[in-house]
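**Q** Using the sequences plus the hints, can you model the full thing?
As given, the protein sequences belong to chains V and D, one line each in that order.
Counting in full-length UniProt numbering, the first sequence tops out at residue 110, every number present.
Counting in full-length UniProt numbering, the second sequence tops out at residue 110, every number present.
Quick caveat, the hints were computed from the structure, so don't treat them as lab data.
Predicted model, so just to flag it, every value in this text is computed and none were measured.
Some clues are possibly wrong.
[As the list claims (entries may be wrong)] SDA-like cross-link-like pairs, simulated, lysine to any residue; straight-line CA separation at most 20 Å: (1) V/K18 / D/P7; (2) D/K11 / V/L48; (3) D/K65 / D/L29; (4) D/K98 / V/H58; (5) D/K98 / V/R86.
There are 2 protein chains.
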Amino acid sequence: MKSSLCPKMEKTLEMISKRWTGLIIFQLLKGPQRFCEIENAIPISGRLLSERLKELEHEGIVSRKVFPEVPVRVEYSLTEKGKAFRPIMEEIQKWAEKYMEVDPQPVSKR
Amino acid sequence: MKSSLCPKMEKTLEMISKRWTGLIIFQLLKGPQRFCEIENAIPISGRLLSERLKELEHEGIVSRKVFPEVPVRVEYSLTEKGKAFRPIMEEIQKWAEKYMEVDPQPVSKR
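**A** Dropping the structure here:
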């Protein structure tokens with residue numbers, strides 16, 4: 001089944017539609033973070049997060065920096081190509097604010 | 001695992017990240033279409049397309065119109081909420097054009 005859609009658009013949608021990929025990019029737009037920081041921010045398993053980060057590294061969207069400290073420190077950050085997702089995420093956020101309904105958050109009792 | 005992300009953003013990313021959902025919305029931005037037209041444009045099975053269209057109808061993003069003709073004609077189109085995806089898709093298209101590499105299309109021999 002050949003599709004009449006633009007292959008670049010199709011491949012991009014396919015990439016960002018992978019479970020959690022969008023949220024990981026959205027999270028990293030806040031700046032470089034360590035694995036555990038990303039893992040704490042997103043309801044994702046460590047195994048899957050590691051897999052997604054490798055894919056994003058392979059796509060040139062995320063870069064991984066190792067700091068020669070003891071213990072060693074590893075930081076993930078968006079490349080230029082990754083930061084170029086900002087306008088996409090901003091538009092998604094506008095749509096979400098306007099149209100997406102969510103159950104009211106339980107107010108934590110003091 | 002609670003996430004510190006905005007629930008509306010998380011739910012929206014989760015919705016549009018479902019396999020083929022983004023491409024279906026992108027396709028319907030071209031205007032109302034019949035099932036077979038969407039099916040021909042996207043490399044998706046009829047069963048899955050039908051499932052995704054039902055989900056999108058449930059989310060209020062797609063509307064389904066039945067024309068009382070013989071044989072009956074059914075058309076799918078984006079609601080206002082669905083059309084509001086246009087700026088998101090335009091930003092994704094810009095990113096795709098600039099950053100996504102695809103294998104060169106085989107030139108059809110004359």
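**Q** For every hint, state whether the structure bears it out.
**A** Comparing the hints with the structure gives:
Our distance criterion of 20 Å between C-alpha atoms is met by V/K18 and D/P7, whose separation comes to about 18 Å. Distance hint between D/K11 and V/L48 is fulfilled; the C-alpha atoms sit about 19 Å from each other, no more than 20 Å. With a C-alpha separation of about 16 Å, the suggested pairing of D/K65 with D/L29 holds against the 20 Å cut-off. Of the supplied pair hints, the one linking D/K98 and V/H58 holds, its CA atoms being roughly 17 Å apart against a limit of 20 Å.
Taken as a hint, the D/K98 and V/R86 pair is honoured in the structure, with Cα atoms around 14 Å apart against an allowance of 20 Å.
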